[in-house]
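Start from the sequences and build out the full structure, keeping to the hints where you can.
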Amino acid sequence: MTTPSTTSLAVARVARERRGAGLARAAGDRLGVVGCIAASVLLVIALAAAFAPVVAPYDPDYPDLLASLSGPSPAHLLGADALGRDILSRLIWGARITLAGPGLVILIATVVGTLLALLAAWRGGRIDTAISWLLDVLFAVPGIVFGLIAVAIWGPSLITVVCGLAIAYVPYVARVVRGAALRERNMPYVSAAWLQGQSATGITFTQILPNVQPIVVAQAVSSLGFAVIDLAAVSFLGLGVQPPTADLGLMVKSGFDSVLRGQPTEAIAAGTLIVLIVWCVTVIGDRLTSSARSMR
Amino acid sequence: MTDPLLRLDNVRAALRLRGGEQELLRGVSFTIGAGEALGLVGESGSGKSLTTRAITRMLDPAFRVTGDIAFEGASVPRMNAQALRRYRQRDVGMIFQDPRAHVNPVHRVGDFLTEALVRDRGVDRRDAERRAVELLDEVGVRTPEQRLRQYPHELSGGLLQRVMIASVLLAEPKLILADEPTTALDVTAQSDVMAILDEQRRARGLSLLFITHDLELAAACCDRLAVMYAGEIVEQGAHVYEAPRHPYTIELLGARPSIEHRVERLPVLRYDRAAHELLKAEAS
Amino acid sequence: MSLGAYLARRTGGLLLVLLVTSFLVFGLLYLAPGSPLAFILGPRGGTPEQIAAVTAQYHLNDPFFVRYVAWLGDLLRGDLGYSIVYRQDVSDLIAGRVGTTLALVSMAALIIAVVGISAGTLAALRGGWTDQLTSSIAAIGLSTPSFVIGVALISVFAVGLGWFPTFGSGSGGLDTLVHLALPALALSVASAAYLARITRASVLEERGREHVQTATVRGLAPGYIVRHHVLRNSLVPIVTVLGLTIATLIAGAVVVENVFALDGLGSLLVRAILQRDFAVVQAVILVLVVAFVLVNAVVDVLYTFIDPRIALGSRK
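Chains as they are written, first to last, in the UniProt record's numbering: chain A, 1 to 296; chain B, 1 to 284; chain C, 1 to 316.
Keep in mind the hints are simulated off the structure, nothing from the lab.
Wrong hints could be hidden among the right ones.
In silico contact screen, one side only, chain C against chain B (beta carbon under 7 Å); selected entries [as the list claims (entries may be wrong)]:
no.	residue
1	Ala139
2	His211
3	Asn233
4	Asp307
Ideal Cβ placement from N, Cα and C applies to all residues, glycine included.
Structural data, given as structure tokens:
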């Protein structure tokens, strides 16, 4: 008992290192080959977007009128749009909003949805009935309509749409989490914690939440793909992000006008990037969902 | 000597795995004559069900099957698709363990009974239904007309197994394969169903391959018994129940619960794979 | 439960949901910043007649719940209010455009059902590279927003090849069909991909069932087994997804109608939002939600015919 320090520290460190290696391998196991490719592509896009000021070759708003509607060239790798702005730079900046906006939508929806679901699952009875009914009513309205309603009330802007869509995605998260939490609630380990005198809130957050966490994450990632599509669609309609801000949905819109004038580069580039982002997110979401299911 | 109805000759089935093959049927040979009943007995995993699947060529493609299975002299493994379908339609009938899983839940009982007749024999639907009603009556189903309009989930397990038996009898096969037909039923339904199967088979002079782990039941309704262990038949003949010779059979018979003798605890089978291999080596 | 009792209960639940949504849609007006009157008239201000008309339409001089009941009463009589921008009854505006949206959604639903179910079934039954190819295409289709597909279709088939008209909904009959072909295709891609996935999974699961073995060992024809025992039993998840999909198509039409400049409910909604034509916004949203709820209710009833094990009303 006199020399616990060095050995136990060493053991702890080895354990930690093992866990680190295990985490990487676990991520690989959970995602599979295609999932890892999707995750890498998404990481590259996210990093480029995050460091847009450094990575983008041009100021996304700088109009080089001489280059207007020019195709790909050494100076502008993907050409320039109708106002002569560098398309590549606008893509990189646009990816910021296309990732951050839906990210915020899902973050809000996941936090609110998970809390509602845990409350419903733990309290049961009338509270559960009321929450489930509320979720059913929210379900009765198609997601994008919430975004449109919000815009109708508070006027077109990114924040308005994000708030509207966040409400729309709450039931998607809450339903899955409520089901999972109800299953966990009936597990013996929860009864055991209950008998040990833990409080309901304590059990919910220290026992149930960690166990439903993989499902929460999987559902959040899966929903993210749909949120990207919805948010881009609202921008495309001109009801979300307002010009001249660079946004992928808006770029498809302005690129669409260029298509009719015979220059499809902007629309193709922005459209392809949206598809790529959604594909990556969806693939990762699918893998996480099936691995969360197989863990049960 | 004329061909028996069914002859299995050194049938082997090996499951192709990533690391090689695992042989699950290891040279099974037996015959069933016309009108004869053979009971195939063994523990779970001994290969009884695999044998019936091999006879109907229902084994997963992952299995490599060698040896010959001949029905009235025709080789089952060598049949083309058309001959195989005809063989399955007219020659063999299969009764499964769990009727609940083996009858399509979304169609009416009448559809299940008549679909083969109507589809493959060109029997008029009304005719087929009349025959189905007659047969349900014969296998002891009351109010058969009404049953035809019901869905499988509205029938009890015992009743559904009778429907399954009727469906096999409707096809008028020469051989019935019954894979633990009573195991999934409650005790009261078990003896009824077994009695009906036995009675109908004898009345029609059909052959039967009866798969079970119940030695006594098999002995009661079969002409001969074959005992399987680890993919092989260790002993077969009419004597097996009264005068077993193989150590495994003797142990198996000793392990039955009995009403006459009270025992504290059933003996555990000591016969295992090692003993089995040793015995085989000694015998050869 | 008897069919009558079930339908009565089902209709009751439906009416309750519709009542709540109508209340929410009505309440939207009061979530907006500023007074309802100022919000509806917007920066345009308004003539005394307009102020009087809006006050009467929304019963603004009455207490809140009286306003709602009066508004609901108008609604039930088919009076959806008056559009400030179009200077027309909203019900007339909607009646003139609902046909286009309905035709678009119906065409898309047909494409989704045919392509989705056959692609999914084919992938499940053929396996191998057919499956790989179908699954990959489905994954990409699922990731592509309808407006991106719409823009691509217009670039290739309308602008590039000139096979189809670029914009508009045509002059009825065959012309409308040609005009709606590309929009319906754009609207259907993602949903068809999703349905193909669900169908594939469902067919694979049903094909492995024991009763399919029974059918095989009885020597039934393989094609008959696929149709009568595999596909038939896969229908519950397929119909569920198809129903949900059709319900969301009505909202998806908002986007597609804008890409192709179709004069339907969706483009009416977007224009109304941009022009703050609030009576139109309320009415169109109400129509969308009602359609969504109704389609879902129909699907629920359909279940009981597809699977006899599902008792009336036992499935949520």
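Verification of the supplied hints:
1. Ala139: Cβ of C:Ala139 sits 28 Å from chain B, so the hint is violated.
2. His211: OK, holds: C:His211 within 7 Å of chain B, min 4 Å.
3. Asn233: With a closest approach of 6 Å, the C:Asn233 hint holds.
4. Asp307: With Cβ-Cβ at 6 Å, under 7 Å, it holds.
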